[in-house]
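Participant: Residues per chain are reported as follows:
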Amino acid sequence: MSNHTDHHFDAIVIGAGMTGGWAAKEFCEKGLKTLLLERGRNVEHIKDYPTTNMLPWEFKHRGAIPSAVREANPVISRCYNFKEDSMHFFVKDTEHPYIQDKPFDWIRGYQVGGKSIMWARQVQRWSDFDFEGPARDGFAVDWPIRYADLKDWYTYVEKFVGVSGNKDGLDVLPDGDFLRPWGLNCVEDYFKSSVQKNYKDRHVIYGRCAHITEERPIFQEQGRGLCQARRICQRGCPYGGYFNANSTLIPWAKKTGNLELKADSVVHSIIFDPKLNKATGVRVIDAKTKETTEYFAEVIFVNAATLNTNLILLNSTSGRFPNGLGNDNGLLGKYVAFHNYRGKISAKWEGHTAFREDGARNTSGYIPRFRNVYRQETNFLRGYACGFSARRNYVIDSDGFGETLKDNLLATALKDGWSVGSHMMGETIPKERNFVSLSTTEKDEWGIPLLKTNIDYDDNDEKMLQDFFDQLSDMFKKAGFTDIRTRDTKQAPGLDIHEMGGVRMGKDPNTSLLNKWNQLHNCSNIFVTDGACMTSVATQNPSLTFMALTARAANYAIDQLKKETL
Amino acid sequence: MMKRRTAIRNLTIFATGIALIPACDLEETAPAFSNISLEPKQWQLIQKLITAILPKGETPISTPETTPMFVLNMLNDCFEPKDIKKYLSGLNLFLQYVQDEYKMPFQNLNPQQNVLMLTEISNSPIFPKNLKFFLNTTKNLTVRHFTSSEHFMKTYLNYEFIPGRYDGHYKIKTTQG
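These protein sequence lines map, in sequence, to chains A and B.
So the first sequence is numbered by this note's numbering: it starts at 1 and just counts up by one.
So the second sequence is numbered by this note's numbering: it starts at 1 and just counts up by one.
So that you can see chain A by itself, here it is in the shape it has in the complex (with noise of 0.2 angstroms):
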């Protein structure tokens, strides 16, 4: 290991979100001087979430978001979850500009923590029916590793992120470490059995989601408690209920004395010394200050997010690498992928109207992917899970004016039936024609190019969002669920916050960028295990394998270090 100065570490992680907290975390706790670089503002777990004791009256706009800030950043007030509670967490349009040659909503959360602040929590794991996507269905490359790699690394941080869900077992979605499950409601248990009794091979389940339901030693080691339902977890959470960087890693890394964060530090590049043939650290400029300095370190964990990852190494140019670090195959920024979220179906049921929920749960219902799981059976490529969920409504009637306004509103009560809904996450093929690369004239303020966005929706999505439509609707009919509606989005690709790839894994450095080690074929001490390496998309929500996968690299990295191979 090197000699410590303040600007030489042994390991250095970009992004202090959900993979560089896991990779500062492993550095940490085995010793590794660790420097974690944020380019945003820190966030401290409790202290920095400002909103998250609110009550929905205190709100000066009852949630809304003013008009002013709206118009000038329509593509982050797309998202779900931009709300008056939450707004603070996202990366507003006018501070970080970007250039869409197609059109693409990229969704970023800029401080410690990342958008492992704001996430939905919901974690599944792969299956080897999605390592196998590319090598059976002929696109893409193939994985250079299978479901064996990486099972006993999701039981490792489904352990300490605390994973409740409901052991089903499946084959196309493997079983993990869980704490017990809130359970479906009396409505999803319905359309769980008639789904069961209608269809071969379909399943609905309890929506696995990253929040502590039961008491365990690790987590009372971790400060966390039990997770309280309140859904308000995109505030932060004052209980650690839920599984965030700033509740869980970052402390966990701290308390080592190894950890050293840094916030306002905007990496420009990743520095390549062609003599040694590796990098020997990142050129960071202050936020604020907009001064450099470089940072040096005997490995690199690039987990700036999906994209972010990529514009770093993109910008990182040097005479050995003209087309950013690793790019000798030209491939780097290409075959970004994303998943299709345009699907959604909603309808009626109109039994257990004696039944209600009590209480509260952070999850719902889900559909693992049932379409070409075995064999290629329809029109297109792949297919898409699905989220389901029930519940009964209030009815609030607002006819009328002065006393009969006053006596309908306050005869609001339960609505007789149920809403029942149901969301598409399509796997999207990824193209080489879906890429991402850097702007040769705009910069932004601290002298980086910006991104350029050119990825767009094809044919297979078209087909699949249709047989989504179709096997919903039939799956609801015969449910006996009426009133029955689908609707297209229509909306960007970006928007479902789930854009991987352009720096993928694979066996051969002609057509991958990395190894099965996430390292960076042509760099050995570079490995990215965010978004950014993923070779295929599948269908689930991916940060349970981009933890899985930061887990592992990192444990290879510092064993790599200690035999001196890096």
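No lab work stands behind these hints, which were simulated from the structure alone.
Given the structure is predicted, the values throughout are model-derived calculations rather than measurements.
Even for Gly, the Cβ is constructed at its ideal location relative to N, Cα and C.
This list has only true hints and no planted wrong ones.
Just some of the chain B residues that point at chain A, by a computed CB distance under 8 angstroms: (1) ASP77; (2) ILE162; (3) PRO163; (4) ILE172.
Position chain B against the provided structure of chain A, taking the given hints into account.
Facilitator: Chain B only, in chain A's frame:
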């Protein structure tokens, strides 16, 4: 004969006189809003209209701000400039309409006249769009202020800030009668 007519006129004046007693919290001049400046008569109309739309109950419910303040906050902060213009145009049309139709200010109408007039404006297609927009917006925001209050949410929407439990198969308890 004379006595009876005088008596009836006096009765009428007395009846409207009740409506004329100002609510003790009627503000004369409007607070300053960054995008809206209201003349006193406009601000007073809004306050009166809100009370006509949704009369207060016997027990006052507590809210962080008065309903007129909430309506104006929402309008000022969350409505686009073009819609604020529509609203103010509708407000002036409203003032004018009351004067033309009833030959007296809005605050002099009794509750039955209020409801009649508001219902007509809301339902009938003959009224200008801006006037309807003004009325419907004021009503929607008034209702939102009420239904987002602590009292309403806890009493009618079963709202709990910290549920700490979940039962998805909860059998609703029925009461007799």
